[in-house]
Amino acid sequence: MDLTFTPAEEAFRAEAREWLEANVPVGLPSGDTAEGFALHVEWEKKLFEAGWSVVSWPEEFGGRGASLWEWLIFEEEYYRVGGPQRVTQNGIFLLAPTIFEYGTDEQKARFLPRMASADDLWCQGWSEPDAGSDLAGIKSRATRDDERGGWVINGQKTWTTRGAFCNWVFGLFRTDPEAARHSGMTYLMVPLDASGVTVRGVERLDGDEGFAEVFFDDVFVADDLVLGGVNEGWGVAMATTSSERGLTLRSPGRFCAAADRLVDLWKRQAAAGEHPERIDSLRSDVAQSWMEAEAYRLATLADVTGLVNGVSQGARSSLTKIFWSELDVKLNETALRLLGPAAELIETSAGAVDGGAWMKGFEFALSGPIYAGTNEIQRNVVAERVLGLPRK
Amino acid sequence: MNFAFTDDQLLFRDAVAEFFANECPPEKVRWSWNDEVGRDASIWAALAEMGVIGLTVPEAFGGMGMNEIDLLPILTEAGRYAYPAPLVETVAVVAPLLAESAPAAIAEKWLPGIADGSVIATVQLDGQPFVNDMHIANLLIAQRGDQLFAIPAEHVRSTPQISVDGARRLFSVEWDEADAELIVSGDAALRAADRAFDRGAAATAAQLIGLSEQMIAMTVAYVSDRKQFGVPIGSFQAVKHHLADAELKVSFARPAVWAAAYGLANSSADVDREVSMAKCFASDAAEVVARKALQTHGAIGYTTEHDLHFWLKRSWALASSWGDAAWHRRRVAHLLLDA
Ligand SMILES: Cc1cc2nc3c(=O)[nH]c(=O)nc-3n(C[C@H](O)[C@H](O)[C@H](O)COP(=O)(O)OP(=O)(O)OC[C@H]3O[C@@H](n4cnc5c(N)ncnc54)[C@H](O)[C@@H]3O)c2cc1C
Chain A
1 MDLTFTPAEE AFRAEAREWL EANVPVGLPS GDTAEGFALH VEWEKKLFEA
51 GWSVVSWPEE FGGRGASLWE WLIFEEEYYR VGGPQRVTQN GIFLLAPTIF
101 EYGTDEQKAR FLPRMASADD LWCQGWSEPD AGSDLAGIKS RATRDDERGG
151 WVINGQKTWT TRGAFCNWVF GLFRTDPEAA RHSGMTYLMV PLDASGVTVR
201 GVERLDGDEG FAEVFFDDVF VADDLVLGGV NEGWGVAMAT TSSERGLTLR
251 SPGRFCAAAD RLVDLWKRQA AAGEHPERID SLRSDVAQSW MEAEAYRLAT
301 LADVTGLVNG VSQGARSSLT KIFWSELDVK LNETALRLLG PAAELIETSA
351 GAVDGGAWMK GFEFALSGPI YAGTNEIQRN VVAERVLGLP RK
Chain P
1 MNFAFTDDQL LFRDAVAEFF ANECPPEKVR WSWNDEVGRD ASIWAALAEM
51 GVIGLTVPEA FGGMGMNEID LLPILTEAGR YAYPAPLVET VAVVAPLLAE
101 SAPAAIAEKW LPGIADGSVI ATVQLDGQPF VNDMHIANLL IAQRGDQLFA
151 IPAEHVRSTP QISVDGARRL FSVEWDEADA ELIVSGDAAL RAADRAFDRG
201 AAATAAQLIG LSEQMIAMTV AYVSDRKQFG VPIGSFQAVK HHLADAELKV
251 SFARPAVWAA AYGLANSSAD VDREVSMAKC FASDAAEVVA RKALQTHGAI
301 GYTTEHDLHF WLKRSWALAS SWGDAAWHRR RVAHLLLDA
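Just so you know, the sequences run in chain order A and P. If you read the first sequence in the numbering used here, its first letter stands for residue 1, the second for the next number, and so on. If you read the second sequence in the numbering used here, its first letter stands for residue 1, the second for the next number, and so on.
It should be emphasised that the hints constitute simulated quantities derived from the structure, not laboratory data. Just so it is clear, the structure is predicted and the values come from calculations on it, not from any experiment. Warning: the hint list may mix true and false statements.
[Unchecked claim] Here are the simulated lysine to any residue pairs, SDA-like style, with alpha carbons at most 25 angstroms apart:
1. P:K28 / P:D270
2. A:K330 / P:K227
3. A:K330 / P:T303
4. A:K267 / P:R330
5. A:K267 / P:M218
6. A:K267 / P:W327
7. A:K392 / P:I216
8. A:K360 / A:I370
9. A:K392 / P:A339
10. A:K267 / P:A339
11. P:K313 / A:Q89
12. A:K108 / A:V308
13. A:K360 / A:A38
14. P:K227 / P:K109
15. A:K45 / A:M1
16. A:K330 / P:A339
17. A:K392 / P:M218
18. P:K227 / A:Q89
19. A:K330 / P:R291
20. A:K330 / P:R331
[What the hints assert, rightly or not] Between beta-carbon pairs, the in silico distance windows are:
21. A:A180 / P:A238: 25 to 31 angstroms
22. A:G355 / P:N67: 43 to 49 angstroms
23. P:H155 / A:D2: 26 to 32 angstroms
Using N, Cα and C, we set each Cβ at its ideal position, and we do this for glycine too.
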């Protein structure tokens, strides 16, 4: 057991820190609005130009071939200096690992570099009005068009995050309506500017237009936009969703940074001297949230040690997803309690503490137990696939 | 970075686990409840033979000279089998304390006996009202303010206190300084007592992990077998979610306990915080797991004829000894917020 990083890794940390401290933008508006998204894309391009957008990817695709440990270090530093949300995340963290695993060489060359450079911006199209937790219930269809060598899509996706701002969507479409529920689906990548695609933004709980509905009317996609085999989309999709539950989407750096900010908020509130009983009564809650973030960091170090030695997380990634999403809710709730009467003020209010970031964080955290497979579904997975309880 | 045990550490742990599986089955725990002394000296002797009892004793005194990273996985196994003897006190706390802080004469007097299994030691730090296993101990290490003493057992007057865990043996003790040997005093004694407390807390946390894992295993087996409405009760979602919550708690307490072991072994600057986090999470986890285990067993778990209660009661006892979750959470709060 050795919980220290090597000198080379620490040098990597120092280099990342130096660049990030000099370049991370402060006070960007939410990336889930049209204006904010554009500013985030500018930041993503700057990250890319300096070689920091996808550190763990091979150099030929725009990365710097960093190890998993270095990736974790980068994430720690990124969030420590207050780096903004990654609006490229659906591409770089979710689709890219799937392309690395299932994509053809042409697909890798065509999509990965433009994803790294934020020239292509990807959203995910899984959910449909009648298919949420029961994803295998999707109805959007892609029918064969032999003449043109591709597929014709009809149907609707919904809750597509940042769909109104992106130019590509990936997701599952039913290609064999006769097949059993989990077969007969194909993983397709679809340009949102294709003829027949209509995107309608939908306002989220926090007031941002972060959701979208995507309608497909006779949209043609060529065969080279199929990822993995035809009718084998379910297995390919499971690779993406396990990235979403686990390590790649939600690295511990983000929660550790939030926990440090919570400690700092407690100290500022205590120093301000107002409502001392309330501030005092929240000491243990602050400590608990800080420890949960730290526990998530430690669990990740153990998981990555396993990965480096060839042991994958498997169904245990469901435990990870429950843990980070619930710790995020509690952490933000504690912050709001520290703010007391100021908690309800949002970013457009002059009196909001920290620019209203805590209410915003709370609202976003509340979606964590819903997206990426609800926590009820994750608990089913833990019971059945980690503990081995009977399905029926 | 390598947050895992070595193959040798795991082999040692597995050997001890196999030993407990054979020598400390649930019937043995039941016997401990019912027998007046409740301690099988042959198990202690065999553990000494295997090197477990002398694990933390320096090699110069006949021990293995190992540290908390080697020890805590073994204590997890002791917890899993609800082994009821003072491993935490003797191996995790007293041996390292004597090795680090005692003058040579005292160290030479006691450490070789600990290593060969002939000396059983127990401990009382300030703030700990009761002493574990005074009835079989040869040596008590006790704190009085800024002094630490070694008191041979024959000079200790003890009164039993009855724990909810019938396999535990707790005592109130009295002794006179005239009969005690001074180990260390002043700031050095306070530092030694702090370190001893951290070691006891982390070692107890490791036992709680094993207890929790075993309660989950027993419950998974039970709910997979027990049928109601024509199906195993483990197929009901309410039961599944109870168990998923239990597994969640242990899964995120475990790495905190290993990190505390690492912190102790490497004298980390943040060792107090690391240990308190470990004990806080392990205590919380064991309490949640115990509740879920009892609830999903139904009435059978509510009898003393079924074995589950041995684990429930050990969990309750250990969750609140060496500082309960709330105490350790407050300590972390102090370290984070008042710095
Ligand atoms: C912020 C946010 C961003 C999102 N982004 C995207 C995106 O980019 N692309 C995309 O495709 N989707 C996205 N989603 C949608 C998300 O994947 C779905 O919300 C999720 O899969 C749940 O589906 P649902 O909302 O239809 O709820 P339902 O499936 O209708 O579930 C409602 C409730 O019933 C419970 N429930 C359902 N089935 C079971 C069961 N078997 N056992 C126990 N309880 C059950 C659920 O746990 C939940 O509590 C996003 C959602 C949110 C909130």
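Hint by hint, here is what the structure shows:
1. P:K28 / P:D270: With a Cα-Cα distance of about 39 angstroms, the restraint between P:K28 and P:D270 is violated, given a limit of 25 angstroms.
2. A:K330 / P:K227: It is violated: about 37 angstroms lies between the C-alpha atoms, which goes past 25 angstroms.
3. A:K330 / P:T303: Given pair A:K330, P:T303 is violated - Cα atoms ~37 angstroms apart, limit 25 angstroms.
4. A:K267 / P:R330: holds (16 angstroms)
5. A:K267 / P:M218: violated (45 angstroms)
6. A:K267 / P:W327: holds (21 angstroms)
7. A:K392 / P:I216: Satisfied, since the Cα-Cα distance of roughly 20 angstroms is no more than 25 angstroms.
8. A:K360 / A:I370: Holds, at about 17 angstroms.
9. A:K392 / P:A339: violated (53 angstroms)
10. A:K267 / P:A339: holds (10 angstroms)
11. P:K313 / A:Q89: This hinted pair is violated, its Cα atoms lying about 47 angstroms apart.
12. A:K108 / A:V308: Holds, because 24 angstroms separates the two Cα atoms, which is no more than 25 angstroms.
13. A:K360 / A:A38: holds (19 angstroms)
14. P:K227 / P:K109: Measuring from Cα to Cα gives roughly 59 angstroms; hence the hint is violated.
15. A:K45 / A:M1: violated (39 angstroms)
16. A:K330 / P:A339: holds (23 angstroms)
17. A:K392 / P:M218: Cα-Cα ~20 angstroms, so holds.
18. P:K227 / A:Q89: violated (46 angstroms)
19. A:K330 / P:R291: holds (22 angstroms)
20. A:K330 / P:R331: holds (20 angstroms)
21. A:A180 / P:A238: 25 to 31 angstroms: holds (29 angstroms)
22. A:G355 / P:N67: 43 to 49 angstroms: holds (47 angstroms)
23. P:H155 / A:D2: 26 to 32 angstroms: violated (45 angstroms)
Checked against the numbered hints given earlier, the structure breaks hints 1, 2, 3, 5, 9, 11, 14, 15, 18, 23 and satisfies all the rest.
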